[in-house]
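Asker: These are the residues of each chain, in order.
Protein chains: 2
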Amino acid sequence: MKQSHLFAKTIRNISDDVKSVSHKLLLRGGFIFPVSAGIYALSPLGFRVFEKIKNIIRNDFDQFEAQEISMPIVHPARIWKQTGRFQDIGDELWKIKNREGEDFVLAMTHEEIAAYIAETIIKTYKDLPILVNQFQVKIRDELRARGGMLRAKEFLMQDAYSFDKDEKGMDESYEKFYESYGRIFKNLSLEAVPVEASGGVMGQGQSHEFMLISEAGEDKIAFCEQCGYKANIEVLANAKICQKCKIELKETSAVELGQTFKLGLKYSRSLNVKFKDSNGKDNIVYMGSYGIGIGRAMAAVAEIHNDEKGLVWPQALSPFAAHLISLGQNKESDRVYTALLKSGIDVLYDDRLDKTPGEKFTDADLMGMPFRIVISAKTAVNKKAEVKKRNENKVSIVSYAELNNILQ
Amino acid sequence: MKQSHLFAKTIRNISDDVKSVSHKLLLRGGFIFPVSAGIYALSPLGFRVFEKIKNIIRNDFDQFEAQEISMPIVHPARIWKQTGRFQDIGDELWKIKNREGEDFVLAMTHEEIAAYIAETIIKTYKDLPILVNQFQVKIRDELRARGGMLRAKEFLMQDAYSFDKDEKGMDESYEKFYESYGRIFKNLSLEAVPVEASGGVMGQGQSHEFMLISEAGEDKIAFCEQCGYKANIEVLANAKICQKCKIELKETSAVELGQTFKLGLKYSRSLNVKFKDSNGKDNIVYMGSYGIGIGRAMAAVAEIHNDEKGLVWPQALSPFAAHLISLGQNKESDRVYTALLKSGIDVLYDDRLDKTPGEKFTDADLMGMPFRIVISAKTAVNKKAEVKKRNENKVSIVSYAELNNILQ
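Top to bottom, those sequences are chains V and P.
Residues in the first sequence are numbered consecutively from 1, following the numbering used here.
Residues in the second sequence are numbered consecutively from 1, following the numbering used here.
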């Protein structure tokens, strides 16, 4: 993609209201646009990071046949009334009316709709287990949206749902997603720690949060230094003592990257999601739900992978494999750009004629692609380019032909 | 994907309220789930068709560097008040308030937000043209949602926006999308006819609709049998006479598959989207917008590509390359299924043990994959399978090894 016409610009000065590191860096690098408090658009850079994250998740879910579907954002209130959440959840659930005065809610999450559809699909025990997944927008009427994409009003979420014939089946499906989340966060270069969590508005069953220890986090987790037990402080009684080691738990802040829930029968009972067992008897389906916030994952990566100059994307998440910079050598650089594209290497190409080398380097550091390739008069004369990794200072001079090998 | 645990079921009987052919077939084939009037979820089958459609569009847009972005669904009303559309558009624009009483609207379309963001990006004439695209949900408070995905309250749309420095530039960008739409509809196996259209709530500039002639359509187009002139009847004066040939225009129904708009300065002026020209003087940016409804495209394909037994997907849009059916030969079929997956061939595998051959064939016809592969005791003994194209009656017996060649 040519930077001259890129629908994104780096920003030098950010308002003092912007507190979190990731929010600052994503704004400065041109990854996100604020539209309203807690509401953002994604530039082509941010969009590409989202796609990388989604594909890492998809590839993992494909291994155990979680089927991708898509559920709507506007939900009839009657379904939420059936499970009681229309009444139980506070103002965070955004309630709206259509022109005829009918009640709807905006998707805060999709347990209700998933169960509502499952009721039409599931007939017998032979249909189960079923695992489904989607990437869909969630909307919450947050009173204090803050931290950029760490806590937004509107955000894209991966949310999966499992349907099983008994508790044992539910536990097995839960285990699949739990293990999958471990692998996914590793692939996202995020050190996520699973901790015991409260089901919150989802239900009373077992739940884990995948936590990134970080001062930017709004959650507090308690941990035992001796046995390694970890929990969101929400699940602990007043005395913060390890039940096993009888010593005091330490506390730290964390960002919740994902959460898994054993929902049990809460939704399926209200919405009548039944199956016939091998004796032809009706039973209620056991459900689980599993979610990762995509924007929050991007922000978490930005929170960790950066230096004083800007973002430092892990290769697997970077919007482009490399940032190609022409220093007054556009004819030569155009050819290298085209050749790289032909080899299937996605490159952001700084072809701008009105920027100084200093401005271009500063932008490249802010945006944070893993490789910087510079073509200047000095290198071009030998059909070579200067290559530097974003997280190293070492500069190599390589021939155009060698670029392919380095970037693939 | 194994059909035994598929999150989709075919349906034999559909309510008489369902009128349009595509709506009936998509429900019967298990592609969509109704959640509320005009609000649908996509099964794994429907989701896959959507992905195919999106990728056909993306591949075309990549050729002229339309950059993919993502804009939010909840918009602050103030931006819509600035362009006047908050006041001008009727109840179809879904207006909501948050818990603090602030006004928002649900994205009926994204001209406002695209212009709002462009204002922060575009500085000088060197930045232009810029072309952006997204696939994002649209929500309209439709009074009479009908025809399934032909007219929904909530639907996924491809919407692109162009930004240019003058009218000539706008016309060139418009031409790019106009030509692109021609290619895209061809690749979607839809015979779309471009007709002169009204800008409607978008603006007063030139506009074209890409129309599929069909009785299922809610639009009326007029055409001249002599010179080929075509227009939505909305743009015609009372007398439906061809201006050139002076003969009466004929009328027919059509489904609007896509629309292109020359927006001119309507949005950029209200939202102050300016650039400095080569003399350093401020100018207003010219905009265009270009949209295709993804659900409507799927419905249009279903409307045309079917027979009395069900859907007949064109290969480029089919959720799976083939439907593999085991007739009591699951051990053998499992092996063939795994081998096909390993070769990168996406197969829906009917591994169900409690269905008769008749039921399986009926389902396969309803779902409409381009190839049906049957493994029965008779064929398996020779390591062979029976292959039939969905749109042909001829049956061939081929070895497992040959399947790859047929399906790739």
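Among the clues, some could well be false.
If chains are identical, the list can't say which one is meant, so a pair holds when it fits in one copy or spans any two.
[To be verified] Calculated cross-link-like contacts (lysine-lysine; reagent style DSS-like; alpha-carbon spacing at most 30 angstroms): (1) Lys97 <-> Lys138; (2) Lys97 <-> Lys81; (3) Lys331 <-> Lys54; (4) Lys81 <-> Lys138; (5) Lys274 <-> Lys2.
Hint data in this document are derived by calculation from the structure and do not stem from the laboratory.
Asker: Each hint: holds or not?
Answerer: To see whether the hints hold, each was checked on the structure:
1. Lys97 <-> Lys138: both (18 angstroms within a copy, 17 angstroms between copies)
2. Lys97 <-> Lys81: Answer is both; intra-copy 15 angstroms and inter-copy 21 angstroms each pass.
3. Lys331 <-> Lys54: Close neither inside one copy (36 angstroms) nor across copies (34 angstroms); limit 30 angstroms.
4. Lys81 <-> Lys138: both (19 angstroms within a copy, 25 angstroms between copies)
5. Lys274 <-> Lys2: Close across copies (21 angstroms), not inside one copy (54 angstroms); limit 30 angstroms.
Consistency with the previously given hints fails for number 3 only.
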